[in-house]
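Enquirer: Protein chains in written order, with this note's numbering: chain A, 1 to 360; chain B, 361 to 610; chain C, 611 to 872; chain D, 873 to 1217; chain E, 1218 to 1505.
It is worth saying that the hints were derived from the structure and are not from the lab. One or more of the hints may lead you astray.
Calculated pairs, DMTMM-like style, for lysine to aspartate or glutamate (alpha carbon to alpha carbon, straight line, at most 25 Å) [unchecked claim]:
1) D:Lys1202 - B:Glu562
2) A:Lys169 - D:Glu1022
3) C:Lys795 - B:Glu562
Pair by pair, the computed Cβ-Cβ distance ranges are [said to hold, decoys possible]:
4) B:Val381 - E:Pro1350: 48 to 54 Å
5) C:Arg687 - E:Arg1299: 27 to 33 Å
6) C:Ala745 - D:Val996: 37 to 43 Å
7) D:Val1026 - A:Lys100: 28 to 34 Å
8) B:Gly583 - C:Ala745: 57 to 63 Å
9) A:Asp349 - E:Ala1343: 52 to 58 Å
10) A:Gln170 - E:Thr1273: 47 to 53 Å
11) D:Thr1193 - C:Asn625: 31 to 37 Å
Bear in mind the structure is a predicted one, so any value in this text is a computation, not a measurement. A virtual CB, placed ideally from N, CA and C, is assigned to each residue, including glycine.
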Amino acid sequence: AGDGTGPIKIGLSTPLSGSAASLGESERKGVELAVAEVNDSGGAVGGRKLELVAQDNACNPTDGASSVSKLITQEKVSALIAALCSGVTLAAMPIAQRNKVPMVVATSTSPDISKASGAGGNKFVFRINPSDANLADALASHLAGGKARKIAILAEDSTYGRTGAEALKQALTKNELSVTVTDYAAQGTSDFATLISKYRNNGTEAVALYISGADHVGFLRQAAAAKLGLPLTGRVELEGDNLTILRDKQFAGSTSVYPYSSIVRTPENEAFVKSFQSKYGAPPTYEAFEGYNAVKTLADAIKRAGSGDAEAIQKALEQTDLKSLTGGTIKFDANNQAHDKAFILEVRDGRPVVVADVTT
Amino acid sequence: MTATATPVLEVSGLGKSFLGVAALQDVGFTLREGSVLGLIGPNGSGKSTALDCITGFTRPDSGQVRLRGRDISGRPAHQIARSGLVRTFQTIRLYDELTVGEHLGLALRGLSAEDAGSDDLRQYWLEAFKLLRFRDAPAGILSYGQKKLVALAAVLVARPAVVLLDEPLAGVNPLVIEVIDQAIKHANEAGQTFLIIEHNVEFITSCCAEVVVLDAGRKLAEGPPSVIWDDPAVYEAFLGRKADDDDDTR
Amino acid sequence: MMTTTPAEPALRIENFSAGYVARVPIVNEVSHAVPAGQVATVVGPNGAGKSSLLKGLYGLTRWSKGSVVVAGTEVTRLSAWERLRAGLSLVPQGRCNFPYMTVRENLQLGVATLPRRQRESSVAVALAEFPALEAHLGRMAGNLSGGQQQLLEIAMAMAARPRILLIDEPSLGLSPAARRLVFDKLRQIAATGVCVVMVEQNVVEGLAASDLGIVMVEGRIHRTGTADAIANDPEMKQVFLGGRPGTEPAHAPHSTSGRDQT
Amino acid sequence: MSVMASSRRRVTGGLRALSPRPTTARRFGPWPVPIAFFVFVPLVLRNDYYIDVASVAMTFVVLGAAFNLLYGYVGLLSFAQVAFFGIGGYATAWLVTATGLWQPLAFLAGGLVAALAATVVGLVTVRLSEGAFAIITLSFTLLCAVVAAEWTSVTGGRQGIFGLPAPQFAIGAVELEAVSPSQYLWLLSGFTLAALWGMRRIVVSPVGKVLVAIRDNEALAKAQGYSTNRYKLAVFVASAFVTGIAGALHVFRLTAIDPSVFDFYLMQVMLIVVILGGAGTYWPVVVSAVAFAALPEFLRLADEARLVLYGVLLVVGLVFTPQGLGGTLKERAIRRRLRDLEEDS
Amino acid sequence: MYSVELIVNGIVLGSGYALLAAGLAVIFGVLNVVNFAHGALYMLGAFAALFLMPVTGYWLGLVLSTALMAAAGVLLHEGILRHLPPDGAFSRTMLLTLGLAMIIQNGAVLIWGAGPRQLPVESVPAGQLDLGPVGVPLARAWIVVVSAVTLGGLYLVLNRTQIGRAMRGVAQNPTAALVVGISPLRIGRFAMALGVGLAGLAGATMAPVFTVSPQMGITIVFKVFAIVVIGGLGSVPGSVIVAFAVGMLESFAGGYGSAITQSVSVFAFMILIMLVRPRGLFAREVRV
Ligand SMILES: Nc1ncnc2c1ncn2[C@@H]1O[C@H](COP(=O)(O)OP(=O)(O)OP(=O)(O)O)[C@@H](O)[C@H]1O
Ligand SMILES: Nc1ncnc2c1ncn2[C@@H]1O[C@H](COP(=O)(O)OP(=O)(O)OP(=O)(O)O)[C@@H](O)[C@H]1O
Ligand SMILES: CC(C)C[C@H](N)C(=O)O
Ligand SMILES: [Mg+2]
Ligand SMILES: [Mg+2]
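Only chain A is shown next, with the shape it has when bound in the complex (with noise of 0.2 Å):
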């Protein structure tokens, strides 16, 4: 609680039922690891714990309203961990902002999250992972010397999707290169085997993804049945399965940028990965290391703001200057966005490989 003992509540919105469910897991994972590093080294500040409290929002906005507000106003957390689907963490900002809560964004890439906070209005809500804006400037500059030219653009129908699609367009047109179409999947679609027939047909030379979790393995995979033969970029997942996908020949050349890769090579990542990896049995994802990520700068400010007050946090957090694990900084701008790396990646016979890095 806030009033100076006991553990400090961290209350973390993130999907655990629905299509992006296994993200919202594996954040999860990335949470509780750094909680329990944290407690390890002797709790946050005057040897007092923190204690997570977790509650699902489906990735879809009112569930994560409701969720925000039950975590505020009956689990009475200290600060809030939300809520990995863009959507949702737009719908959750005004009321950490109405309850003077901090909010600490990791995973959500939407550019109007951060046009919103800081000077945007919202002082409570902070974004220490790149957006989707920054991404696909990086993304697109690296495309403009590659050889696709016309590109497809397919994305889940959530927020997500729709501003990341806009902001890859704009990027896109910004170097050059041409959209041959957008498409907009609902969340949960099965069937692609349509999309992936139009895009063998219309001159596509690559697909660019804003897809995320079960729709993303199902593309995958149906375009590798479907002989797609096209080079896949945008937000593609180099994780997991996924990979074993990729790995064939159709798909080569195929690039995505992230804000992680679990093959970067700093010493700080690589202990991550291996406790990460002993805790867990598989290396972490982007989800895992932002929600792990997410801990560790709330601890920082809860260290230096000397207890479990929201607004002595939030107040905290403003000042933070963090080294992050991939080695760039965590270190908010006027709209309480962070600038840390982000990664250009490819699938260089059958695995990914860092081309390279950009600060955000």
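Starting from the structure of chain A, add chains B, C, D and E with the ligands where the hints point.
Expert: Then chains B, C, D and E with the ligands, alone, in the frame of chain A:
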């Protein structure tokens, strides 16, 4: 035949076929004010179909139905009912979950204004049909004959100007048939007009001044019962015996 | 379990009670026996429990007491379709066919319990008995007229060659000609050794076609006897044909006519 | 038959004795109970968490009662209730955020827009068969979800409309604001009572009987002179109106609306509440709505385990009380009546 | 070329819908049960295939998953459906199956987790079926073949055999069925085995093509429900025809428009058909 009475219901040129089955072909007849007309014919001759067409439950392919001179063909069923032309159904149609009392209440409200006398009327018909003890029982649990009677009571209680009955006696105990017979005669005397489909020869003979006979969708004969029963064609089609072994047409 | 002896009637009911809801028997302690080859007709006021009795014999109501024995075999605890196999067959009151199937398919289902070899011929025989159906073979049963459906249902039951035919108001909705045909057929199949139990409101014609008469009132057997005796009994005339002084309700209060009347 | 004649008098006497006596309970009906309940709850609840549960319960009560009116009484299996819930929510959210309309008016307008939509849908569909009606209303709801996601300028697209202000009613100098959850609960409980009262009025009026008649046998109702389509349309519109306002209130409590309001989840809730409560019975459905909202809170299990348990409760409930709570009560009353009938005769 | 590809896609989609719709129609047709658990059962079929195929190979896995699901259907009938009162009220059975769906789907999440899974690439039939200009992945081609064979067989069973006739009979009038000596319990059991087996088969054929996850059955139920109603409730051939029409429509609307036109066109199609033919395209009407 009281040729002087004004026609209430005039049906002309009525035709209806279902997927190639001609259920009605050019059927016409007239129902006069204050009369009781019997509509008879062998099974499948088109009687119920004719009733459906007249009351707006089926749209006829051709023909015209006039109620007091006004063309009502194509009007929705509930409007026709409200204008005083009310029917019963051959297959039982009741509100299974509503009580017998509520059936009569609904009929009264739907078809006529409830007035001071309607309570008595309700009581009267329930008593006449031996249904009083079931007044507060849901209609779904009644026996076949009792259901038939509830349906009939619900029409009679509202005293519509023209009553069209589709086999009101099927499944009804002879004792109650007597009651119905009397009731129709009284109601008729009080000014109501009736069209009755029945297979009960005695009843038709006793109640109807005039009879229309259908066969295979066409009008076969028309006239007072005494004349009709002597018509060999009617014998053949409806009564199913030769004219000469006649015994109990009474 | 009893063995069939020549004296054993085709259908024996003992102390039989049944109804619809718990502890409300509609049929009350009915006992009776009908020998093979005879037609018994149950008559009685509306709501007397006649249909409930037939349904009870076929196992469609809630049994509460007594037993039903078919040709020496007790069937009281059997389910309906098992009773059919034991030789009982029922034609219920009102519509009871497969409305979305053709007349032919209905008949084919009617003989479902016969051995495969006999099915086709049985259907053919039924059609020969009821030529009126022949013309409608390919039409859906639900589209037939009321009377046509009634004939179809009777034909279905007969085609199944039951040993005991329970038939509820066969004349319902039939024209005089068809009615006569049906009663004739019932007599004919009784003559082949089938036991027929029918319920009739068409009392005069029904009893005329029967050997035995059973009068039911308020769920109990009020009286039994030969059909002739019942038909000519003055008390029965009174019960069924009305005329009891004082019970005739007063004239309907026709003080005002319907408002639509002009 | 003198037996019958003499017994008749006794039977009717018996039946009359069974009908409720004109006591206070008769005069006010069961109203004192719900009124006490809906006043008592906001009065005593202090914990935000329980207030939240109570708010959900009241929303379920209104949704359940409105769906019951439609499905339980007239027999219209409408999948569009969710659509009207969402339409009411969107309309009000848009009016308040984009036009700044005086809030009480905006909430009313939410109901009206829903009712208007219902009029359009109802005009073409109430005359159709049960299956067609179900499919069209279902498709309509799914279509609403697509429209909500696509019509970005009004609905905010996938993102929806968020950061909604607390409901506040300024009437002249008096300013009422439902900022805290408990103030909000008062608002909601007032609306719930009003809605319950209004719908109850319909059900117990003569019109209520006509509705049941239409459900039981539409053709007969027509033959008795009732314009069945008009009745169906009226009920369809009325329950859309109530549902629309409920949607508006719900959305403002959550502070956000997005196309997921059109999810099947709420439809599921309505079905469960109405059918387990007993379609076509009034108070049992209300009770079942409250129970269903409170239940999850007693079962503090993992989400999925809780849903599994719900499923089990549903299945078991349906096997053992197929008519729902109300149906079972009703059936029992009928059985008792039959037994009395039998004993009397 | 493109349109040929779209037609092929439509046929594949339609085949899946048709299997599901036929199963739903059979269950509705016989038991008067609108089976909202159909999607969940489809998902179980897919999971069965997911676990079986790597061990048994494609074909045996297909057969075993179907058999397993048919057995599950019998179990559902014996455990639950047969204990319902016979009046078969539409809404009650709908809710009951909704409950079943909740149990199965969330139970699946509890047991297998919410995440998507997929068959290892080795156990998916590899290769392409060459249709001149277009190639169809073999796993997709098999869906069409399996579905065509199954549906053909189903048609014969329903229309040419006494048990098929009996099934339709029970659906149309359970009392009449009792009267002619059909055991509704036996027929119900058979129908559940058939209907759920078909759902399982649909799931098993899809497992190699789509990702398998506990949620995969949710959205599809509505579509299939609508297909069955449009086909004329309980008419199996009607449902199958509509299933293919919807598959085609989706394929073309998606191919020439966007994913949004795809979903809008399906709903619009449903609304339109129901307005024009309220009893469904292939429903036969009967008086009363
Ligand atoms: N909806 C329909 N579809 C197809 N055929 C129909 C339909 N309605 C009636 N028929 C046919 O039209 C003919 C006339 O039927 P109708 O019911 O009018 O006869 P009916 O004279 O009332 O006979 P009954 O005395 O047996 O009741 C019959 O052959 C019947 O099968
Ligand atoms: N499903 C039911 N539930 C409860 N009671 C019923 C049910 N069906 C019939 N009854 C009651 O049982 C009694 C006898 O009904 P039954 O149908 O056996 O009469 P019936 O002698 O065949 O009359 P009818 O000549 O009118 O056909 C009636 O009083 C009726 O109310
Ligand atoms: C985990 C990611 C797929 C979430 C996504 N970046 C979003 O903003 O919604
Ligand atoms: Mg007729
Ligand atoms: Mg009877």
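Enquirer: Honestly, do Val1026 (chain D) and Lys100 (chain A) meet the 28 to 34 Å range at C-beta?
Expert: The hinted range 28 to 34 Å holds for Val1026 (chain D) and Lys100 (chain A), with Cβ atoms some 31 Å apart.
Enquirer: Does the Cβ pair Thr1193 (chain D), Asn625 (chain C) satisfy 31 to 37 Å?
Expert: holds, 34 Å
Enquirer: Given a hint of 47 to 53 Å, does the C-beta separation of Gln170 (chain A) and Thr1273 (chain E) actually sit inside it?
Expert: holds, 51 Å
Enquirer: Tell me if the beta carbons of Asp349 (chain A) and Ala1343 (chain E) are separated by a distance inside 52 to 58 Å.
Expert: Given a distance of about 22 Å, which is not inside 52 to 58 Å, the answer is violated.
Enquirer: Evaluate the given range 57 to 63 Å for the C-beta pair formed by Gly583 (chain B) and Ala745 (chain C).
Expert: violated, 29 Å
Enquirer: At the C-beta level, are Arg687 (chain C) and Arg1299 (chain E) separated by a distance inside 27 to 33 Å?
Expert: The hinted range 27 to 33 Å is violated for Arg687 (chain C) and Arg1299 (chain E), with Cβ atoms some 18 Å apart.
Enquirer: Hinted pair, alpha-carbon criterion (25 Å max): Lys795 (chain C), Glu562 (chain B). Please report holds or violated.
Expert: Holds, at roughly 24 Å.
Enquirer: That 48 to 54 Å hint for Val381 (chain B) and Pro1350 (chain E) (C-beta), does it hold up?
Expert: Since Val381 (chain B) and Pro1350 (chain E) have Cβ atoms about 50 Å apart, the given range 48 to 54 Å holds.
Enquirer: How does the Cβ-Cβ distance of Ala745 (chain C) and Val996 (chain D) compare with 37 to 43 Å: does it lie in that range?
Expert: With Cβ atoms ~40 Å apart, the hint holds.
Enquirer: For a C-alpha distance cap of 25 Å, please report whether Lys169 (chain A) and Glu1022 (chain D) respect it.
Expert: holds, 18 Å
Enquirer: For the pair supplied as a hint, Lys1202 (chain D) and Glu562 (chain B), confirm whether the alpha-carbon distance does not exceed 25 Å.
Expert: Violated, at roughly 44 Å.
Comparing the model with each numbered hint stated earlier shows that hints 1, 5, 8, 9 do not hold.
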